[in-house]
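Asks: Heads up: the protein sequence lines correspond to chains A and B, in order.
Just so we're aligned, residue 0 is where the first sequence starts under numbering that gives the first Met the number 0, counting upward by one.
Just so we're aligned, residue 0 is where the second sequence starts under numbering that gives the first Met the number 0, counting upward by one.
Hints are computed from structural coordinates only; laboratory data are not their basis.
Glycine included, every Cβ here is placed at the ideal spot set by N, Cα and C.
Among the hints, a few may not be true.
[Claimed, not checked] Label pairs and their computed distance ranges (CB to CB):
1) B/Gln-104 - A/Asp-120: 33 to 41 Å
2) A/Pro-212 - B/Asp-217: 56 to 64 Å
3) A/Gly-30 - B/Asn-105: 51 to 59 Å
4) B/Gln-104 - A/Arg-37: 43 to 51 Å
5) B/Ala-271 - A/Gly-30: 57 to 65 Å
[Stated by the list, open to error] Each computed DSS-like pair below joins lysine-lysine, with the alpha-carbon atoms no more than 25 Å apart:
6) B/Lys-150 - A/Lys-228
7) A/Lys-15 - A/Lys-269
8) A/Lys-15 - B/Lys-150
9) A/Lys-16 - B/Lys-150
10) A/Lys-15 - A/Lys-275
11) B/Lys-150 - A/Lys-269
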Amino acid sequence: MTETNASTVGTVMQNKKEAILSRRQKARQRGNRIMMIRLAFVVVFLAVWQIASMYLVSDFFIGMPTEIARDLWAWALSGTLFFHASITSIEALLGFLLGSAVGMAAGVLMGRAQTLAEIVDPFLMMFYSLPKVALAPMFILWFGIGIDMKIYLTATIVFFLVFLNTYAGVRSVSREQIAIMKLMGAKESHILRKVVLPSAVTWVFNGLRLSVPYALIGAIVGELIASNKGLGYLLANASGQYDTSAMFAALIAIMILALALNYAVKVVEKKAMPWKAAEDQREMSI
Amino acid sequence: MSPAIAQAAAPVRQPEIRPVEASTLISYRGVGKVFETDQGSMTAVRDITLDIREGEFVTLVGPSGCGKSTLLNMAAGLFEPSTGTVSYRGEIVQPYNRRVGYMTQNDHLLPWRDVTGNVMIPLEIQGVPRAEARDRVETLLRDVGLQGFEKSYPSQLSGGMRKRCALARLLAYDPEALLMDEPFGALDAQLRMRMQIEIRRLAMDLGKTVVFVTHDLDEAVSIADRCVVFTQRPGTVARIVDVPLDRDRDLMQLRHNNTYRDLTAELWELLAPDMEGGDRT
């Protein structure tokens, strides 16, 4: 049976490769078509906006695409855009890292120490239900209006999302799985390293992906309330001058930053969980 | 044939003959187990007295929910019996009996590890050096017919291949006894037969004691040296039969074997009354 198995394995692998190739080709064609339709949508949308702002509604309310583009271009050339974007990125990123590190650690600890989790549960839930941006005035009092206040605000928001997801991930490991590991002679440390942490990774990344927009909320809201730099400041400043096009330009800059952060998490996620890609490639079977 | 040659030949054949009284490996003495649930207490098994001898292939067969799995769990030390004792090599089983390997219906492979990585786990736990572990995994994968799939993730494997992988992992830490809880339940008939042939061959080659739980009577008789038939819940032993088939039987040809047919027919009669009342519980 070993001999025949080896040869069938060979042909099976061959067929599989061919199937994957043709599937990839089809996927690429489809991808191109979708890209074209998207592009067309953007062009039509911008054209309608431009015409509307010229003839239908005052550009005081809705700005004007050409103006927005001009502002963005001017900011990009003068380095304003890069400067403010980098401030906001640093706030969001450091807050994100701090919040998710503490969140993961707390999630793993409570996931494995059930009594502790039960004791602190009501307090955590009280804190969780508080809208975190409401803490901003307090944080200004404690940390001033510099960059660190935004980092802590962001970290507080991110903490809960990552903590709750990590906790759920750790708790989701089946008792049977752990029993099987123990029969193999596994100690608590083995179970933690080989089963609990890797199985929580999927959940952790869920939390991380959810956190990206929230990290930006922390940074931007912090900047809107009190600051003299960052994209949030740029937005507040434009709004102070009733410059609608500049406000839109700031919003677009924020959006681009959010997309970049999302993409970064996705790339890291793919690297950290190669088995997920394998699952996605699989033929559907119900 | 001269007497001298006959005498010389006798000791050579000796190892093939099974000792009449092999030592007892797992022993159940008046075992009962009651589970406390929200709906009240539920008796899974009662009055089980059963000895599993070293090196033997025993199947436990009976209707679903008659507590066969409970017996395996107690042998593995996952929980204690409510009454009676379960002992392993003469000692009462303590939590997590590491001398047994457990294979359940769900293979519990780790989805983030490829086939090699999954089989590697018990060796990593034992602290086997990396290079040696790799060699052993390679041999094991060949033994279970998984060569060529070393780098595949469980999600990419078929049901049969997942079972093979779980089996390789089980054999990797070389337990004395294999506890198998309907391991092939989800497989189709052909694949199931192949896995049955292989598990029997591996158990014979490696000298493992196997306790194999199934609800399939044909499977129970065809792979067993001894077959224990259970009654409906609360499960208790209805009958223990020695299966009078060769140790190196050909499972493919059993359908044409009269001894096999008579025995399954007889045991079927024993189980059939239970099946009729099955829906009432």
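Asks: Run every hint past the structure and note whether it holds.
Replies: Hint-by-hint comparison with the structure:
The beta-carbon spacing between B/Gln-104 and A/Asp-120, approximately 34 Å, falls within the hinted interval of 33 to 41 Å. For the pair A/Pro-212 and B/Asp-217, the supplied restraint of 56 to 64 Å holds, since their beta-carbon distance comes to about 58 Å. The hint said 51 to 59 Å for the Cβ distance between A/Gly-30 and B/Asn-105, and at roughly 37 Å that hint is violated. At roughly 47 Å, the beta carbons of B/Gln-104 and A/Arg-37 sit within the given window of 43 to 51 Å.
Evaluation of the 57 to 65 Å hint for B/Ala-271 and A/Gly-30 yields a pass: the beta carbon distance comes to about 60 Å. Taking the CA atoms of B/Lys-150 and A/Lys-228, the gap is about 50 Å. The hint is violated against a cut of 25 Å. Simply put, A/Lys-15 and A/Lys-269 have alpha-carbon atoms about 22 Å apart, close enough for the 25 Å limit, and the pair holds. Distance hint between A/Lys-15 and B/Lys-150 is fulfilled; the C-alpha atoms sit about 15 Å from each other, no more than 25 Å.
Simply put, A/Lys-16 and B/Lys-150 have alpha-carbon atoms about 15 Å apart, close enough for the 25 Å limit, and the pair holds. The straight-line distance between the Cα atoms of A/Lys-15 and A/Lys-275 is roughly 18 Å, inside the 25 Å bound, and the hint therefore holds. Distance hint between B/Lys-150 and A/Lys-269 is fulfilled; the C-alpha atoms sit about 17 Å from each other, no more than 25 Å.
Going down the numbered hints, you'll see the structure goes against 3 and 6, while the others check out.
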